[in-house]
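Enquirer: Okay, here's what each chain looks like letter by letter:
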Amino acid sequence: MIIDDYIKALQNKDYEALSACFAERSRMFDYCPSLVGRENTFLFGDKAIDMYFHNQFVIGGFSVEDPHVVNSRTVNFYANYAGTIIHALAQIENVDDSGKIQELVIRPA
Amino acid sequence: MGVYVITGASSGIGAKTAEILKKHGHEVVNIDLKDGDISANLATKEGRQFALNALHEQYPDGIDGMICNAGVAGGRAPIPLIVSLNYFGATVMAEGVFDLLKKKHGSCTVTSSNSIAHGDARMDVVGMLNNNPDEARIVNLVKDYDPAGGHAFYAATKYALARWARRMSAQWGASGVRLNAVAPGNVRTAMTDNLLPEQRVAMEAIQVPTHYGDEPLMDPEEVANVIAFVASPEARGLNGVVLFADGGTDALLHSEKVY
Numbered sequence: 001m002i003i004d005d006y007i008k009a010l011q012n013k014d015y016e017a018l019s020a021c022f023a024e025r026s027r028m029f030d031y032c033p034s035l036v037g038r039e040n041t042f043l044f045g046d047k048a049i050d051m052y053f054h055n056q057f058v059i060g061g062f063s064v065e066d067p068h069v070v071n072s073r074t075v076n077f078y079a080n081y082a083g084t085i086i087h088a089l090a091q092i093e094n095v096d097d098s099g100k101i102q103e104l105v106i107r108p109a
Numbered sequence: 001m002g003v004y005v006i007t008g009a010s011s012g013i014g015a016k017t018a019e020i021l022k023k024h025g026h027e028v029v030n031i032d033l034k035d036g037d038i039s040a041n042l043a044t045k046e047g048r049q050f051a052l053n054a055l056h057e058q059y060p061d062g063i064d065g066m067i068c069n070a071g072v073a074g075g076r077a078p079i080p081l082i083v084s085l086n087y088f089g090a091t092v093m094a095e096g097v098f099d100l101l102k103k104k105h106g107s108c109t110v111t112s113s114n115s116i117a118h119g120d121a122r123m124d125v126v127g128m129l130n131n132n133p134d135e136a137r138i139v140n141l142v143k144d145y146d147p148a149g150g151h152a153f154y155a156a157t158k159y160a161l162a163r164w165a166r167r168m169s170a171q172w173g174a175s176g177v178r179l180n181a182v183a184p185g186n187v188r189t190a191m192t193d194n195l196l197p198e199q200r201v202a203m204e205a206i207q208v209p210t211h212y213g214d215e216p217l218m219d220p221e222e223v224a225n226v227i228a229f230v231a232s233p234e235a236r237g238l239n240g241v242v243l244f245a246d247g248g249t250d251a252l253l254h255s256e257k258v259y
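If you read the sequences in order, they're chains S and Z. Residue numbering for the first sequence is 1 to 109, as defined by UniProt numbering. Residue numbering for the second sequence is 1 to 259, as defined by UniProt numbering.
Hint data in this document are derived by calculation from the structure and do not stem from the laboratory. Be aware that a few hints might be false.
Stated by the list, open to error - If you anchor each label on the Cβ, the simulated ranges turn out as follows:
1. Z/Asn131 <-> S/Asn12: 24 to 32 Å
2. S/Phe44 <-> Z/Asn140: 57 to 65 Å
3. Z/Arg188 <-> S/Arg107: 54 to 62 Å
4. S/Asp96 <-> Z/Lys22: 47 to 55 Å
5. Z/Arg200 <-> S/Ser34: 41 to 49 Å
6. S/Asn12 <-> Z/Thr210: 21 to 29 Å
7. S/Arg25 <-> Z/Thr210: 16 to 24 Å
8. S/Val36 <-> Z/Tyr259: 32 to 40 Å
What the hints assert, rightly or not - Listed below are the simulated DMTMM-like cross-link pairs for lysine to aspartate or glutamate, each with C-alpha atoms no more than 20 Å apart in a straight line:
9. S/Lys47 <-> Z/Glu215
10. S/Lys13 <-> Z/Glu198
11. Z/Lys22 <-> Z/Asp35
12. Z/Lys257 <-> S/Asp66
Predicted, not measured: the structure shown is a model, and the values here were computed from it. Positions of the beta carbon are idealized from the N, C-alpha and C atoms, including for glycine.
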């Protein structure tokens, strides 16, 4: 399932594997950062996701801990934004015909 | 054709900018520590004064452009050098040629950095530089900091430089002198050739979208062309702007900041 690949990539801080979960024309919104005084994240496309998470995993201090899969489209986890942790819920809203994510939204759980 | 003065044009972005301006038929004066048309150490008051005296002597009728580009990266350089060269070496030189720029309704362009948007800058130092720019006291305050933590000071000087340009631009613009900042991304220069291994890893984590899957560093020419344009009369609509010439890195990491 794509959600397993997504979680594995996040836990391994593997930005290339993470971007491979997404379609070329896709979007990923994260509404949690504003809770810790940071900009929310709005990314469009697999390459943008690759580059953004390359930054976040290597020097941005972002990580994911203790993921719990709710169903094939939903996972909740602790998102660590450079030391401040938010309990978050990631929801795959759409996938394309090949099973890649077209839209994923992360909200506070 | 015009007269353009560039600091730090013996290598990197400055050298490329000088080359472009010369191709356009302009006279270019390079002020640098080594191999300059005017050799001067802009990290010192004496060096700046020497360079300013030489410019006033050589160009009493004015200059068309001042490009304050000389700078040093954090990591190996002593913190006082970063502060003195990056901030005072730019602002003192710019203010010192303001009279020459006014004579020809010229422009001043300072080289900042897109690191100003990454939240790395020591904002306390930014405040001191912009609000109480007493070089001796600030240098004395920072002199014992470990150069390994120099990036925060580098970013602070570049942030303060961009803010200085924004603050001064109204008065300067109304006096006929445009003042702007260009904020380059990660460019292949002598500075980036000398980064520590951990700095290189961090630098490569700051991705340049227009270089996706390719050479991670921008070519100096990509930034130099932007600086040459901003300094030119064709850019007369630009004043008080901090223009990111970073291949889209700032937009990637901070898409929500539109102003």
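Enquirer: Now tell me if each hint is right for this structure.
Expert: Here is how each hint holds up against the structure:
no., hint, verdict
1, Z/Asn131 <-> S/Asn12: 24 to 32 Å, "violated (46 Å)"
2, S/Phe44 <-> Z/Asn140: 57 to 65 Å, "violated (48 Å)"
3, Z/Arg188 <-> S/Arg107: 54 to 62 Å, "violated (41 Å)"
4, S/Asp96 <-> Z/Lys22: 47 to 55 Å, "holds (52 Å)"
5, Z/Arg200 <-> S/Ser34: 41 to 49 Å, "violated (32 Å)"
6, S/Asn12 <-> Z/Thr210: 21 to 29 Å, "holds (28 Å)"
7, S/Arg25 <-> Z/Thr210: 16 to 24 Å, "holds (19 Å)"
8, S/Val36 <-> Z/Tyr259: 32 to 40 Å, "violated (23 Å)"
9, S/Lys47 <-> Z/Glu215, "holds (15 Å)"
10, S/Lys13 <-> Z/Glu198, "holds (18 Å)"
11, Z/Lys22 <-> Z/Asp35, "holds (17 Å)"
12, Z/Lys257 <-> S/Asp66, "violated (32 Å)"
The structure is inconsistent with the numbered hints 1, 2, 3, 5, 8 and 12, although it conforms to all the rest.
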